[in-house]
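Student: The lines below spell out each chain.
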Amino acid sequence: MSEARFKPGERVKVLKAYPPGHIRTPHYIRGCVGEVERICGAFPNPEELAQMRDGLPPQPLYRVRFLQKNIWPDYAGSPSDVLEVEIYQHWLEPA
Amino acid sequence: MSDSQDKEQGKYRPLSYFQLMEISLRELLVEKGILTNAQVDAEVENMRSRTPERGARVVARAWVDPGFKTRLLQSGTKACEELGLDLPGLKLIAVENTPQVHNAIVCTLCSCYPRMLLGIPPDWYKSRNYRSRMVREPRAVLREFGLSIPPDVEVRVHDSTADMRYMVLPMRPAGTDGWSEGRLAALVSRDSMIGVAVPKGPND
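Respectively, the protein sequence lines represent chains A and B.
If you read the first sequence in my numbering, its first letter stands for residue 1, the second for the next number, and so on.
If you read the second sequence in my numbering, its first letter stands for residue 1001, the second for the next number, and so on.
Mixed in with the good hints, there may be bad ones.
[Stated by the list, open to error] Here are the simulated SDA-like cross-link-like pairs (lysine to any residue), alpha carbons at most 20 Å apart as the crow flies: (1) B:K1078 with A:L49; (2) B:K1091 with A:P58; (3) A:K69 with B:R1136; (4) B:K1091 with A:P44; (5) B:K1091 with A:A42; (6) B:K1091 with A:F43; (7) B:K1091 with B:T1070; (8) A:K69 with B:I1149; (9) B:K1091 with A:L49; (10) A:K69 with B:D1152; (11) B:K1200 with B:D1177; (12) A:K13 with A:H90; (13) A:K69 with B:E1154; (14) A:K7 with B:Q1074.
Read the hints as simulated data drawn from the structure, not as lab findings.
Produce the entire structure from the sequences given, and follow the hints as far as they go.
Tutor: What follows is the structure, encoded as structure tokens:
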């Protein structure tokens, strides 16, 4: 299993990349900065599984919390509203 | 209009692409001896038997038993096993509503849903409208469900994009002191565990 690079509370940035294939990182969150809420465990990489490969070593999976106003510049709700998304480690870099 | 109504009225409707695919695949699997019709029927029956009452039992237990609630928030799947709810493959995260935070669940990529606890998802949960707007303007979507969240309450939306599944633990309605678990569970709707509603009150 790949080691977890980030700890809860750490700030991370989602890669702004658009590779082809089966990707579990939603488009709208790419390039956004958030904070690790928790480490969910490690799971076989779904991008590899979709290609009928084994997806190993398992990738650490994080739940990352983003402020809505940092995702949508014109967000109409309260400034403290948040969104949490599960993101695999290889999609994250330190922010 | 439902298929059975159509049938009664003698209306003919051709099979949709996906219906045809399902029948073809099922017949092939049976023909090749990989599955039997009885196994397929049993699995469909099994899926139908999972209803939101399962989730409601979990919520009611958390309302009456603070120790269970703590364990549920720590590890949803393990806590459910305590109630005899075996949830193969489900990695459950329960998220707690408080006077300061309102949680809601969506899956923008497809329609991930804690089926083992809530059964088959409603059609609107799978709709493009809900999936795209719930992350973009959650307060407006919740208002359309009849739920107005005060501005000083944080709205926390969970996009279930990967391996975890989410369930909202709603707040226990006021005026239910001393109620039994069974009576409490009857207040807990499916929608309140998705986060687009709150449980009924004792007088609703």
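Student: Against each hint, give a clear statement of whether it holds in the structure.
Tutor: Structure-based check of each hint:
1. B:K1078 with A:L49: 27 Å, violated
2. B:K1091 with A:P58: Answer holds: B:K1091 to A:P58 is near 16 Å, not above 20 Å.
3. A:K69 with B:R1136: Distance of about 10 Å is within 20 Å: holds.
4. B:K1091 with A:P44: 14 Å, holds
5. B:K1091 with A:A42: 12 Å, holds
6. B:K1091 with A:F43: Judged against 20 Å, a Cα distance of about 11 Å means the pair holds.
7. B:K1091 with B:T1070: Given that 20 Å is the threshold and the Cα spacing comes to 17 Å, the pair holds.
8. A:K69 with B:I1149: Roughly 17 Å separates the two Cα atoms, so the pair holds.
9. B:K1091 with A:L49: Satisfied, since the Cα-Cα distance of roughly 19 Å is no more than 20 Å.
10. A:K69 with B:D1152: OK: A:K69 and B:D1152 at ~15 Å, within 20 Å.
11. B:K1200 with B:D1177: 14 Å, holds
12. A:K13 with A:H90: Since the Cα atoms of A:K13 and A:H90 sit roughly 11 Å apart, the hinted pair holds (cutoff 20 Å).
13. A:K69 with B:E1154: Roughly 13 Å separates the two Cα atoms, so the pair holds.
14. A:K7 with B:Q1074: The given pair, whose Cα atoms are some 17 Å apart, holds under the 20 Å limit.
When each numbered hint is compared with the structure, a violation occurs for hint 1 only.
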